[in-house]
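Residue 673 in full-length UniProt numbering sits at position 673 of the sequence shown, and the numbers go up by one each step.
One or more hints might be untrue.
[Stated by the list, open to error] Below, computed lysine-lysine pairings styled on DSS-like, alpha-carbon distance capped at 25 Å: (1) K145 with K179; (2) K38 with K69; (3) K276 with K294; (4) K294 with K157; (5) K111 with K145; (6) K801 with K728; (7) K661 with K920; (8) K458 with K737; (9) K77 with K148; (10) K110 with K138; (11) K509 with K494; (12) K304 with K294; (13) K117 with K77; (14) K157 with K69; (15) K728 with K509; (16) K148 with K138; (17) K115 with K157; (18) K145 with K204; (19) K300 with K276; (20) K494 with K458; (21) K390 with K421.
[To be verified] Ranges between beta-carbon positions, derived for each pair: (22) R596 with H565: 44 to 50 Å; (23) S841 with V290: 53 to 59 Å; (24) K110 with S325: 46 to 52 Å; (25) L297 with K115: 42 to 48 Å.
Honestly, the hints are just simulated from the structure, not real lab data.
Source: prediction; values computed, not measured.
Beta carbons: idealized from backbone N, C-alpha and C, even for Gly.
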Amino acid sequence: MCTGGCFGHGRSKCAACANYIQDGECVQSCRGLNYYNKITGRLEDAKDPRYTFKRYCVNECPSETLIEKDYCVTRCKPNYFYNITTGDRTCRECGSYCDKICEINEPLTKKNIKKLKNCEYVDGFIDISASNIEELNKEDLNYLKNIKLVTDYVIIKTGRSSITNLNFLSNLEMIIGRKFYMERVSLAIVHNENLRELQLKNLKSIKRGHVVVANNEKLCLVDTINWNITFPDTMNKVSRNGGKKWCENHQIGYCDDQCDESGCWGSGNKFCLSCKNVEYDGECYNECPVDTFKNNLTTKECQKCHSECSGCTGETAYHCINCVSLLVYGDQEQNYCAKTCPKTHYLSGTNCIPCHKSCYEYGCSGQSDILGEGGCNGCKFAKENINENKEHVYTCLIYDGIAENVCRDVGLTNYFTSTHKPKNGMKVEYLVCQKCDDECESCSGIGRSVQVHDCKCKNKILIKNYNDSSIGGDDDICVSDCPVNSFSMIEHGKPNICQSCHQYCDVHKSCFGPELFDCESCEYAGFQRDDGKIICSEGCNLEFPYLNDHDRLCYSEDISAIRRHQKIKFIIIFSIVILIILAVLLIALWYCINYRRKYRKEVELNMPSIPDYDLSKTQANMGRINLITIDQLQQTNEIIGQGAFGVVYAGKWKNPIKDVKNIPVAIKVMKAVSSIDSKEILEEAGMMAQVSGGHKHLHPIIGICFCDTVQIVTLLRPLGSLLHFLKKHKDKLGASKILLYCFQISSAMEYLAQRGMVHRDLAARNVLVKNINHVEVTDFGLAKMLHGEESIKLSGKVAVKWLAIETLTQTIFNHATDVWAFAVTCWEILTFGQAPYQGISLSDIKDYLLSGNRLEQPNNCSQEVYHTLLHCWMPNPEARPSFTLLKESFQNYCNAPHKYVAEYHLHKKMDIISNDEQFKMIADILHDEDFMDPLDYQDSSTYQSGFSGTGFLSDSPNSQTKPLLPQYDAPCDSFSTSGTRYREPLIGKNKFNNTFDDSTDNYLIPNKMDEDAASVYTDVVDMNECAAEYYNDPLNVQKSASGNRVNDYVNQNIIEMKNLDKKLNENLGESSENLKNPSETAV
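Whole structure, please, built from the sequences with the hints as guidance.
Here it is in structure tokens:
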């Protein structure tokens, strides 16, 4: 054991030890931590353990060394490291962390610094000196970004380099100091001329050695740190750094307001040694940022909320204030946030709603316990029922007991367990409880058999007849009452038992007992005794060979043949009588037809005379029609509307006036099936021209074009109908716009009513949108014809859902029916284009209204507005308000729109649609931009000067108003074809002034009639007797046959000759001088 000699006997007398010294003696090896016990055969802890350190056996390893098994080492062997977080110095396996451990024992250069990329643990030292800093750039220093621990020391001595901070070491947390720089320094930051801030924000511990921060001329904020408190295990020297005045001049003289008195590593809230209030992610704040929370009052650290939380009060998904994805409703209001719904919940919007408990883990699509849509996706056990539609419905059951006892245990006493599973793919894991027959209190299967299905009867038992040997077995069944072909055994003391009749008895009749002579009727054959009683048998005998099929009895003669001969005789007599009656009727019919022909000729020869006109009060109609030639129209293939009666194309009108651009127009190409259709189209176009331009909320017309068929040309409105506009922009239209549209429509209808015009087809689809604040009433019959498929045939196609009660029952049209249609139109506007009377067929609407029903109050509509609509739907037409009153009401509503219409739907108010945007819409339709803006054209001086205020008719110089197109070919043409859409009221408060000017400029023209009106309406026509002096004469309203004023408007396609014949037949016997035409006709 000795080397170099000894000075006595024993291990303690050696001059020097050859191996190790332990307790003053030379030993071969140190005692170590364990020894092998030869007796137990196990390793056991040494009583006085020793570590091997260099040549010595020591009780503890020096503080600058690490412990690896029984040895004190300066570095761990490969794939091992010193884990500072464990609190001891034991070398442990690094595993996947080995990739983040780097060993370096030389100053950093451009070549070796790359070894530290992604390193967190440096086994060695960091030396950045002036001698090698010049070759290192910022990207190179960023290789040090991830370093958290240095086992030896760190020295920063960059001289005149451009380094202003040590941010590249911002993640450094600990310097152990196993080896020192210059034998005692573990951290040295000296002679850095441009260093201004340390920014070592994560440096929390230096285990050993000295800390020197000196001779840094521009280094600031180091004096704010109490180094002895921050690093109590080191000797600290901080001197000769940046002056306070210099630092203040460069705005780095003070720590951030969020730092406390501990100081800071640099300027800003992320370099505080300790935060004044709270800290999150290495930065200091006055309060926790969004989506973080303060765990408790004793700590300043803010923690990140759960990833599914938007704001929280704790770290789990149960502490969320709001959810990022979905809110899961739990038991006892234990709600939490999640990315997806669990199996026990179903998705409803952004919420996960719990399934019914009977759904277990099978999932669901609703809260019901029904198996299927809106309930469970699967069941453990289910109860089967059959609904009124004969469909099998399965209800999931909550049960976890023995499967065979499920029906009994859940209280289903009249059910039985079955392995029958649903056939529609729905899942039932175990058994189904099926309902017993209604006649069974309990059972073991489906059926009423007492023996087969163990049916315990509720009412009675039907047993077989003991005389019936053809039926085998004791198949008794349960019944509610004794059925046909059976009898009750109540007389035999068995009130709950029914017995089948004898097999010879009629199966469709009853019996009185079990024997063959107890039958009410026989199945095969029978004999009737003298006392009237019937005895049934298998067939007839020789004495009574003839079987009567009627009563199944046997007779001595053929009863059926006798009755057949009697029937033939009756038919012959009856036929002769019918022939005689028909001959008499034919003779009478021939006589009536011949008499009617003669009578009609007499009427035609005695027609009433036509009164003379007062030439002093009339003048010729000198209005001119603006005819547009086909060369002036440029029609595109862009269809903007079509129906059963025509197509509407987009196009341009080449204005004949010089220096005026083309006008974008809508060209309505009508399909005139007959000459009657062509005439009606022309008449309605004339009516449109008559009122065109008179009111700003009536759509104007430009002209008419004759080519293959009649074409109506109007200005193009790219925003389309109000119905389409409401549906498209319902989320952007507020209360003010809704009430404004109602007001504008009432204003236009007031204008028409004051001129005696009846629209007859007012609806949202027949209102055009000029701009967001301006709508125009249109249609006038032509647009309605384009939507013929939406109408039903009622003397011409009409939109039934907008018709008043009197129109549906009598086909009467007047201003009161327009008021009704106006209220339905307002209802469409308030509901943003919903169809009226949804779910009610057109044929049922009349009965629906007559029974007192009306359109329900819209959700956003106040009682005041709905009361106004109900007033318009009064059964009595005279009780309905006028358009003047309606205009005043909606004007009042517009003064405070939010008081009368709620804005539940409004998400974002709609911006103004400018002329340029409409111009662009038209350009997209026409695929061209060479045209004049129609909004500018309508108000331009060129338009006014070119066509005298209208694009269709021009007044004569002496005319006070625009004349109509001729309504009839002759004053007495009451029986000719005329327009079928609109007529003028015959009596009541005539909207025309009842006085005429005495001048010659007022021939057949009302004095107060406005110069323009708006839309294609058929004019008002008096359908009274042919002797009327004028059509549209307010001073000469005709009388009915009874002498009363006519109360109704007339609406018919043609007064057919058969209506006159009917009236003439009713007055047979009266003289032809007293004959009157019908005073009113309702088709």
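These are the hints, each one checked on the structure:
1. K145 with K179: holds, 23 Å
2. K38 with K69: Holds, because 22 Å separates the two Cα atoms, which is no more than 25 Å.
3. K276 with K294: holds, 14 Å
4. K294 with K157: violated, 41 Å
5. K111 with K145: holds, 17 Å
6. K801 with K728: holds, 22 Å
7. K661 with K920: Holds, at about 16 Å.
8. K458 with K737: Judged against 25 Å, a Cα distance of about 69 Å means the pair is violated.
9. K77 with K148: Roughly 20 Å separates the two Cα atoms, so the pair holds.
10. K110 with K138: At roughly 11 Å apart (the allowed maximum being 25 Å), K138 and K110 satisfy the hint.
11. K509 with K494: Holds, at roughly 22 Å.
12. K304 with K294: holds, 9 Å
13. K117 with K77: The given pair, whose Cα atoms are some 21 Å apart, holds under the 25 Å limit.
14. K157 with K69: violated, 38 Å
15. K728 with K509: violated, 69 Å
16. K148 with K138: holds, 19 Å
17. K115 with K157: Between K115 and K157 the Cα gap is close to 21 Å, so the pair holds against 25 Å.
18. K145 with K204: Holds - the C-alpha atoms of K204 and K145 are around 16 Å apart, at most 25 Å.
19. K300 with K276: holds, 8 Å
20. K494 with K458: holds, 15 Å
21. K390 with K421: Given pair K390, K421 holds - Cα atoms ~17 Å apart, limit 25 Å.
22. R596 with H565: 44 to 50 Å: holds, 48 Å
23. S841 with V290: 53 to 59 Å: Holds, at about 57 Å.
24. K110 with S325: 46 to 52 Å: holds, 49 Å
25. L297 with K115: 42 to 48 Å: holds, 46 Å
When each numbered hint is compared with the structure, violations occur for hints 4, 8, 14, 15.
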